[in-house]
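**Q** One-letter residues, chain by chain:
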Amino acid sequence: MKEASTAPQRSRLAATLTRPVAGLLATTYRWVDERLGVSDLTHQLLYEAVPRRGAWAYSLGSATLIIIVLQIVTGMFLLWTYVPSTTEAWESLNYIEHHDEFAAIVRGMHLWGAYVLFVVIGLHMIRTFVSGSYKKPRELNWIVGVVLFLLVLGLGITGAMLPWDQAAYWTATVVTHVVDYIPFLGNWVQEILRGGPQMGPETLTRFFAIHIWLLPALLVPLIGLHLVLLRRHGEHGSWVNYEGVEVESEQHRAERMAHAESPYPALPSDPGYAVPVDLDQFFPSQVFKDAVLSFGLVILIFVMAVVVGAPLERAANPAALNYVPTPEWFFLPLDQILVQFPQAWMIPVGVFVIPGIGTTLLMLVPFLDRTPDREPWRRPEVMAPALFAVLFLIFEALLAVNRLFNL
Amino acid sequence: MAEEARELAQRRVSRRRFMIMGINVAGAGTALLIAAPIVGSVLSPVFAKRKTPWVMVADVSRVPIGVPTAYVVNLPINEGWSVPPVPRTVYVVKLNLNGSVEMLTLSNVCTHMQCDVHWDIGLQEFLCPCHGGLYSIDGTNIGGPPPWPLFRYEHKLVDSTLYVRNVLYEP
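Line order of the protein sequences matches chains S and P. The opening residue of the first sequence carries number 1 in my numbering; numbering runs sequentially from there. The opening residue of the second sequence carries number 1001 in my numbering; numbering runs sequentially from there.
These aren't lab readings, by the way, just hints derived from the structure by calculation. Among the hints, erroneous ones may be present.
[Claimed, not checked] Here are the computed distance ranges between Cβ atoms for each label pair:
hint	chain 1	residue 1	chain 2	residue 2	range
1	S	F302	P	M1021	55 to 61 angstroms
2	S	G154	P	P1087	46 to 52 angstroms
3	S	A14	P	R1016	56 to 62 angstroms
4	P	M1056	S	F302	48 to 54 angstroms
5	P	V1039	S	G356	34 to 40 angstroms
6	P	P1037	S	W377	55 to 61 angstroms
7	S	E246	P	T1030	50 to 56 angstroms
8	S	Q251	P	A1035	55 to 61 angstroms
9	P	E1154	S	W188	20 to 26 angstroms
10	S	F184	P	E1007	18 to 24 angstroms
11	P	I1038	S	L361	52 to 58 angstroms
12	S	F288	P	W1148	58 to 64 angstroms
13	S	F288	P	T1030	47 to 53 angstroms
All C-beta atoms, glycine included, are put in the ideal place defined by N, C-alpha and C.
Please model the complete structure; the sequences and the hints are all you need to start from.
**A** Written out as structure tokens, the structure is:
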């Protein structure tokens, strides 16, 4: 009786269907498991302690991962038709849009996947920032995350060049000309990226290679490192999981540490913050929330792909005089900075120095915010500048929208 | 006996060091042999020689003085393999300077971020739609972010027929 109740519960239908081959399936699984260690791996991946409270906010990271996988898969299948050539890229996509409804949905999902990815990765960063999860011993994982964010931005802007329609052509023109303002080496860098002084056939093949190989080849292993580091130190969660740790007794704290579940505490952390007070199992409670959020986002991406789809403007025409190029929305703040920093010596300040300082500060956040406090309202010295930075980017984007649509 | 053993031990260490050196040399050599042609191919556009043939634009004898007139020219791209020539716009501007007529062949590529500028009839200026750059009729940058005046195409007149080539110069 007892044995029956602890046996894994399978649906009656599955049991009935597999009865004739149940023994064979079990033997095969055992054979494979002995050689691959599937059970151990699954156990390691699924049965980990995670913070109990605020768990919906922690679904943003896995949603980012799921959408990146979606981008890789849809991208693979766009390659079934897309031709990376200045004479055929637009033709191949125009063919998709007019003669291949399903491929047009795949293309739409790739575009809307990118848009949703920017929102989700931004929220993921904001969540991590607000909860101070970058603090000791997770500093390096924050830096890996910033690099991943920059790679995703790079993927977004190189992807925007590939259709070789008017929008893509002028995006590519501006992006490859920005580097011309690098002091001393700018001209060389521009020629290397374009394959010559002007936009030409090699410009597209280069950015195609960067988009589908160079950046993903950096992105995928870094995502692996991001996850390994996450698992090494455990999910930090937010301050709600650490209520009362500052006033607890030494004895209570020591007891709590002694009973910490894997992976806590892998390394010594700030006193009291090594292990969340209240723990839950990654599977199924966190995985359930992750699955719901990701599924919701994939539904959104699918619906947008079907209803709106991905636009394709007229084919690139460098001689068109009535075309107003507009950047992708996630580059609007940078485009506005281009307007605000006129004249030769100011331009490098606007396009390299200011974004460079911003990115460096973002990477150094764990080393600038060194107090043990996790609550955002007790860290005004980092929260206030961060809020200012976010508002500044939104303000710049609004200025750019106002400028571009009132011309 | 003890000396022999020590010698042997030393030789073992040196054999180990030899292999570590070998690994390092082989690793560095492998990296160098792979990297050298890649770096060369990446840098090749910088050192490429380019031909810039003359391309006929049009008979420009009827271009009015003081009205920038756009001509689309199919300029061959001298990079990568042969693709159809890219259409570009050349603005032919005739200006009356103290009684003598000067003709300019302005590139319509904005010197800020290389978007296409166009002659705005209302403003009587060249306007760039990307970031709002403004140029006067002779291409002088007079507003917005552009750091330099509009570049000019090298040109020649055969009778009244204008030829340009893909060589730009700063006025």
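**Q** Now, for every hint given, state plainly whether the structure supports it.
**A** Cross-check of the supplied hints:
One distance hint, 55 to 61 angstroms for the beta-carbon pair S:F302 and P:M1021, holds here, with the actual separation near 58 angstroms. At about 30 angstroms, the beta-carbon gap between S:G154 and P:P1087 misses the expected band of 46 to 52 angstroms. Against the hinted window of 56 to 62 angstroms, the Cβ-Cβ separation of S:A14 and P:R1016 comes to about 59 angstroms, which satisfies the hint. As the Cβ distance of P:M1056 to S:F302 is approximately 53 angstroms, the hint placing it in 48 to 54 angstroms holds.
Separation of P:V1039 from S:G356 is about 25 angstroms and departs from the stated range, judged on CB atoms against 34 to 40 angstroms. For the pair P:P1037 and S:W377, the beta carbons lie near 57 angstroms from each other, so the given range of 55 to 61 angstroms is met. Taken as a hint, the range 50 to 56 angstroms holds for the pair S:E246 and P:T1030, whose Cβ atoms sit roughly 55 angstroms apart. Distance hint for S:Q251 and P:A1035: a CB-CB separation of about 59 angstroms, consistent with the stated range 55 to 61 angstroms.
Look at P:E1154 against S:W188: about 23 angstroms separates their beta carbons, and that is inside 20 to 26 angstroms. Judged by the Cβ atoms, the range 18 to 24 angstroms given for S:F184 and P:E1007 is violated: they are separated by roughly 57 angstroms. The hint said 52 to 58 angstroms for the Cβ distance between P:I1038 and S:L361, and at roughly 34 angstroms that hint is violated. As the Cβ distance of S:F288 to P:W1148 is approximately 60 angstroms, the hint placing it in 58 to 64 angstroms holds.
Between S:F288 and P:T1030 the beta carbons are some 48 angstroms apart, a value that agrees with the proposed interval 47 to 53 angstroms.
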